[in-house]
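Keeping their order, the protein sequence lines are chains A and B. The working numbering numbers the first residue of the first sequence as 3 and each following residue consecutively. The working numbering numbers the first residue of the second sequence as 33 and each following residue consecutively.
Everything labelled a hint here was simulated from the structure, so no lab data went into it. Be aware that a few hints might be false.
[Said to hold, decoys possible] Once the Cα atoms are required to be at most 16 Å apart in a straight line, the calculated EDC-like pairs of lysine to aspartate or glutamate come out as:
#, chain 1, residue 1, chain 2, residue 2
1, B, Lys99, B, Glu36
2, A, Lys4, B, Glu50
3, B, Lys168, B, Glu191
4, B, Lys63, B, Glu211
5, A, Lys19, B, Glu126
6, B, Lys61, B, Glu214
7, A, Lys75, B, Glu102
8, B, Lys168, B, Glu115
9, B, Lys63, B, Glu105
10, B, Lys63, B, Asp210
11, A, Lys75, B, Glu115
12, B, Lys247, B, Glu235
13, B, Lys128, B, Glu102
14, B, Lys161, B, Asp144
15, A, Lys23, B, Glu126
16, B, Lys241, B, Asp56
17, B, Lys269, B, Glu235
18, B, Lys183, B, Glu146
19, A, Lys4, B, Glu126
20, B, Lys183, B, Glu235
21, A, Lys11, B, Glu146
22, B, Lys168, B, Asp197
23, B, Lys130, B, Glu102
24, A, Lys19, B, Glu131
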Amino acid sequence: MKGLGRNVKFMTGFFLKLEIKCYLFLALMWVVFGRLNDGIGPFVNEQAPFYIFWISVALVLICAMSHSDMYFKTMVSQGSARKPAALGMLLSQYAFVVIQVVILLAVAMLTDSNWSLAIKICPLGLIAVIFILQGAGIICATISMSGHNAWAVILFLGTIVAFVLGCVLLGYAHDFVWSAEMVKPYNNLLFLAAGVLLEIIGLAAYYKTMQKVDLKLA
Amino acid sequence: MGNELVCKNLYKSYKKTEVLKGLDLQLEKGKIYGLIGRNGAGKTTLLSLMAGQNPVTSGEITLDGQKVWENQEMMDRICFSRELNPTTNFSISELKVKEYLKMASIYMPNWDKEFAEELLKTFELDANKKLNKLSKGMLSMVTITVALASKAEFTFMDEPVAGVDVVMREQFYRILLDEFAESGRTFVISTHIIEEAADVFEEVIMLDKGKILLKENAVELLDRARHVSGVAEAVDKVMEGRETYRPEKLGRSKGVTVLLKQGETLESDTEISVQPMSLQQVFVAMCGKEVS
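Only chain A is shown next, with the shape it has when bound in the complex:
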């Protein structure tokens, strides 16, 4: 699709900046809620990683939700056709997920397979799922708006599959790393339920936004 590369370039830059901000926030949370001992736990407050994780997820979610539609509009207002703009946003978000995975693996390798630390640095699972869902939400709404409802439905179903896969992966990570002593009361089901809720909110918000986009661009 012509112009796709330009959109990916534009969005990846923005998401990288967003990611850096999130890490700064994570670092701040670490200072506030806990202390690092050789780069790992134990935390002063046992619940600290839980707070850190969810606060950073909320932060990323809020940032992405409040910025993505504006970035989309910015791309369009700078001369991009809508489909490559939406697809560009989606792909840049997948790029973001890949970056997270690379960081996760790198940290794990550098810390002699300390997956606990790695996953704390990269709470990738849910963030990744949220980004995928948001991206898919944008593209579904955009394609639907362009009159190609069948493609929108296919992509929506694809999103669900991606979401389920994300949850499964997250579940593995959760079982593997955050075992009993840290978040025992919070099992995979909670993550799944939260993810589903976020998906519904995310998609609904984007669909609503995209419906209004014509008015806002006028």
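Put chain B on the given structure of chain A with help from the hints.
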């Protein structure tokens, strides 16, 4: 058909509000068009539709016979430099001027970096300043920089001189004419500062209530436009069968704007006075309300 941007039977509605109502327009390459109309006439909407940034409700927009909507190849040839408003557009408010230009350069394949830097110097803009720290005039100069440096074949500018001081406005018109002479690009400039920009426009497009009221060569339009005043009966007699606008009555006297036919002349005599008009006066006469 070649080198033309054509709008056919355009309709655009925002929910229940119909902004454009069956508009037909043809823009030829290598001209500077002035798009004038009252607030809410549909100028920005028309520009955004022609740039492919906004879907039409019905109708068609083509460039060299190809649809513009969702056609990246055609959109690459068009630049619509929008009015910047960082208070409502949060995504750009935190950007620095240089970042905003960088962003525009990603989307404009013919972007001229040196020219953009030169324009920043001319307009005395600090590239490291954030957009939300700039005044309205400075923001307008950023949009001018984007429009000119884009080097797009069809460049649309929405209120480019809003808030810009008179010195910089003069600079802008000079640079615009230089660029036009050098590149032969097509410019469509929407403005409310008509008098000042009138000399720059080759053609004038007057938009009123979502329709094209007039599209004509600026010089020819001013040749045809006359303000006729005198005793009401005498004015009415002369105006019979002519295209008149905005009659003004004051006691027994009457004034009216008339658009003469091509090549037609009308001279003052003992009963009526015939005066040439400025573009702004013609606009007010055609789009303003009747005065009694």
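Hints, verified against the model:
1. Lys99(B) with Glu36(B): Judged against 16 Å, a Cα distance of about 12 Å means the pair holds.
2. Lys4(A) with Glu50(B): At roughly 33 Å apart (the allowed maximum being 16 Å), Glu50(B) and Lys4(A) break the hint.
3. Lys168(B) with Glu191(B): holds, 11 Å
4. Lys63(B) with Glu211(B): holds, 12 Å
5. Lys19(A) with Glu126(B): Within the cut-off at roughly 12 Å; holds.
6. Lys61(B) with Glu214(B): holds, 14 Å
7. Lys75(A) with Glu102(B): Measuring from Cα to Cα gives roughly 14 Å; hence the hint holds.
8. Lys168(B) with Glu115(B): With a Cα-Cα distance of about 10 Å, the restraint between Lys168(B) and Glu115(B) holds, given a limit of 16 Å.
9. Lys63(B) with Glu105(B): violated, 22 Å
10. Lys63(B) with Asp210(B): Given that 16 Å is the threshold and the Cα spacing comes to 13 Å, the pair holds.
11. Lys75(A) with Glu115(B): holds, 14 Å
12. Lys247(B) with Glu235(B): Distance of about 7 Å is within 16 Å: holds.
13. Lys128(B) with Glu102(B): violated, 29 Å
14. Lys161(B) with Asp144(B): violated, 21 Å
15. Lys23(A) with Glu126(B): holds, 14 Å
16. Lys241(B) with Asp56(B): holds, 14 Å
17. Lys269(B) with Glu235(B): violated, 32 Å
18. Lys183(B) with Glu146(B): holds, 12 Å
19. Lys4(A) with Glu126(B): Between Lys4(A) and Glu126(B) the Cα gap is close to 29 Å, so the pair fails against 16 Å, i.e. violated.
20. Lys183(B) with Glu235(B): violated, 21 Å
21. Lys11(A) with Glu146(B): Since the Cα atoms of Lys11(A) and Glu146(B) sit roughly 22 Å apart, the hinted pair is violated (cutoff 16 Å).
22. Lys168(B) with Asp197(B): Cα-Cα ~10 Å, so holds.
23. Lys130(B) with Glu102(B): Given pair Lys130(B), Glu102(B) is violated - Cα atoms ~28 Å apart, limit 16 Å.
24. Lys19(A) with Glu131(B): holds, 13 Å
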